[in-house]
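**Student:** Each chain, letter by letter, is given below.
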Amino acid sequence: MDTADIEAKVIQFIAAKVENLDVSTINRSSKFEDLGLDSMDTIQLLFDAEDTFGINFDSEEAKGFSRVGDIIAYIEQHQASAQS
Amino acid sequence: MRIVVTGMGVVSPIGTGTEQFWAAATNGVSGIRKITSFDASGQRSQVAGEVAGFDPATFLSAKYIEQTDRFTQLAMLATKLALEDADGLDTYAPERLAVSMGSGMGGFATFESAALRKFGNRPIPPFTVPRTMANSAAAWIAIKHRIKGVNLTCSTACSSGANAIGIGLDLLRTGRADAVIAGGAEGCVLPLTMTGFEVLHALATGSNADPARASRPFAKGRDGFVMSEGAGILILEKEEQARLRGAKIYACLAGYGQTCDATHIVMPDMSGQVTAMKGAIQDGGLGPESIDYINAHATSTPLGDIVETRAIKTLFGDRARDIPISATKSMIGHSIGASAAIGSIATIMALHTGTIHPTINLDEADPECDLDYTPNGAREKNPRTGLCNAFGFGGNNASILFTTLE
Chain A
1 MDTADIEAKV IQFIAAKVEN LDVSTINRSS KFEDLGLDSM DTIQLLFDAE DTFGINFDSE
61 EAKGFSRVGD IIAYIEQHQA SAQS
Chain B
1 MRIVVTGMGV VSPIGTGTEQ FWAAATNGVS GIRKITSFDA SGQRSQVAGE VAGFDPATFL
61 SAKYIEQTDR FTQLAMLATK LALEDADGLD TYAPERLAVS MGSGMGGFAT FESAALRKFG
121 NRPIPPFTVP RTMANSAAAW IAIKHRIKGV NLTCSTACSS GANAIGIGLD LLRTGRADAV
181 IAGGAEGCVL PLTMTGFEVL HALATGSNAD PARASRPFAK GRDGFVMSEG AGILILEKEE
241 QARLRGAKIY ACLAGYGQTC DATHIVMPDM SGQVTAMKGA IQDGGLGPES IDYINAHATS
301 TPLGDIVETR AIKTLFGDRA RDIPISATKS MIGHSIGASA AIGSIATIMA LHTGTIHPTI
361 NLDEADPECD LDYTPNGARE KNPRTGLCNA FGFGGNNASI LFTTLE
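Just so you know, the protein sequences line up as chains A and B, in that order. Those letters in the first sequence? Residues 1 to 84, by our numbering. Those letters in the second sequence? Residues 1 to 406, by our numbering.
Don't read these hints as lab results, they were simulated from the structure. Nothing here was measured: the structure is a model prediction, and the numbers come from that model. Among the clues, some could well be false.
Said to hold, decoys possible - Distance windows between CB atoms, simulated:
(1) C260(B) x K31(A): 47 to 57 Å
(2) G88(B) x D2(A): 46 to 56 Å
(3) K31(A) x T205(B): 33 to 43 Å
(4) D2(A) x N27(B): 55 to 65 Å
(5) A209(B) x E61(A): 30 to 40 Å
(6) D22(A) x G120(B): 34 to 44 Å
Said to hold, decoys possible - Lysine-lysine pairs mimicking DSS-like chemistry, simulated, CA-CA at most 30 Å apart:
(7) K9(A) x K238(B)
(8) K144(B) x K31(A)
(9) K63(A) x K63(B)
(10) K144(B) x K238(B)
(11) K238(B) x K63(A)
Glycine included, every Cβ here is placed at the ideal spot set by N, Cα and C.
Construct the complete structure from the given sequences, taking the supplied hints into account.
**Tutor:** Next up, the structure:
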C-alpha cells in the first residue's frame, strides 16, 4: 500500500471514532486530542491499523504517538521492513 | 398508584415498529427462514428468526457501530422507536429516568468472533469486553439519550425481558424513578451459541427444509425451539405523571410475579410457573377468574409446552379452557432475553386493539396440549386483562399482568 492509501485508511478509522468529525480537516499534523480521540479511541485505532496492515506496534513507542502522522510513519516504516 | 405503558418499540423477524409487527402477528406471518448471517450448513438447526435487512447505519453513527454488539444495536433501535412513540420524556429530570434491560446472553456476536480470532492467534479488538458485557445495551441507551438514573440489566436466560419489565414496575412503585425504559434484547443467531442449544436437544432440527413450519408450539410432533433475535422496549410511567404531560396510554402494567423452581437447571417445573402467574395476578389486585388472555411462554419444545399447559390448568381450573392463549414464538421463534419483552408488546396490543394474534402451525395439537391456543387465525375478543409468561433456564419463572385502563 502506498502512502496515500495508508493515509486514507487511517483517516477512515479516525472518522469512525468521533461523532460529526469533518474528515477534510484531518491531516498528518492533526493531534489526536484536537480531533476528539480519547485514549480508548487511540487503542482501537492502533488495533485497526495492526489488523489492516499486518504490523505490530511496539507498545512503548506507540505511547509516544500524539499526531496522525506518527501512526502513518510507523506503518510506512514497518510495512516496508515486513516486505523487504 | 398505577403504572402505565406510554410507548413501545419492537424490532423483530416479522417487523420493525409496533404497527408492522402487529399487522404481521395478527395475520399469522412467520419470520422463520434459512439462516443467512453465517454458513449454517454444519448446524443441526439451520433455521432462525433473523431481523432481515437490519442496518445500524440508518440510525447510529460509525462510532456507535464500532463500539456496540448487534444485541445493543437492536436494543437501541427499539428504544428509539419507543421514545418517539412516548413523545415527551424530556419533561423528566435525567436523574429520574431509569433503564431496566434484560438479555440472556449479552454481546455474544462479539464474543464468538473474538474467540475465533484468539484461537487463531490473532489479536482481538479492544472493545471486546465493553461490547460483550450484558449491561452494554442498557449503558449505551443511557449514553445515547442522557438517561442518568438507575441503570440495570437482568440476565435470567429466557425470562430476562420479563424480569426487566417487572423490575421497572418496582422502580416506579418504590419511587426510585419517574419513568423507565424497560425491555429486552438478544442477538444470538450465532454458530457457537446455537450449537450450545443444539447439544441440549433444545432446538428444532427437523424442519430445515421448511423453515416457516419449524416453530410450532403446542403442535403434535414439535421438536424444539427456533433461535431468533430482536428487541422489545416499553416506556413505563406513573399514571398521574403520564396524564399530566398528556401522554397516550396503551395499558396498565398491573402486576409482576417471580419464582424459582429450585429443582433443575434446565428442566421446567410446573409449580414454580403456577406460583409466578398467581403472584402476578395477586400483585395486580385480581383473581384468576379475571384473566382474559394469556401470552404463553410456549417455545415449541416437547416438554415445555406441556408443563405450561398443566400450569395453566392447575391455576385456572375448569376456566382454563375458556381463556384464549397464544404463542408469539410460533411466528418469530425464541429471542431469549427479548422474547418476553416482545410478548409483552403482543399482550398490550391485544388489550389495546381487542384482537388476539394466532398461534400458527397448529393444525393438529399435541393431545397433552388441550387448551384454546387461538390456532391459526386471529380472534376479536376484547380482552381487558392479559398475562405474559416467561420461563427461563435456571428454573426462573416470571409472569407479568397487563390490564386496560377501565
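**Student:** Give a verdict on every hint.
**Tutor:** Okay, the hints, checked on the actual structure:
1. C260(B) x K31(A): 47 to 57 Å: 55 Å, holds
2. G88(B) x D2(A): 46 to 56 Å: 54 Å, holds
3. K31(A) x T205(B): 33 to 43 Å: Violated: the Cβ-Cβ distance is about 56 Å, outside 33 to 43 Å.
4. D2(A) x N27(B): 55 to 65 Å: At roughly 56 Å between Cβ atoms, N27(B) and D2(A) fall inside 55 to 65 Å, so the hint holds.
5. A209(B) x E61(A): 30 to 40 Å: 57 Å, violated
6. D22(A) x G120(B): 34 to 44 Å: Given range 34 to 44 Å: holds, Cβ gap about 37 Å.
7. K9(A) x K238(B): Answer violated: K9(A) to K238(B) is near 50 Å, above 30 Å.
8. K144(B) x K31(A): 26 Å, holds
9. K63(A) x K63(B): This hinted pair holds, its Cα atoms lying about 23 Å apart.
10. K144(B) x K238(B): 23 Å, holds
11. K238(B) x K63(A): Status violated; Cα separation ~51 Å.
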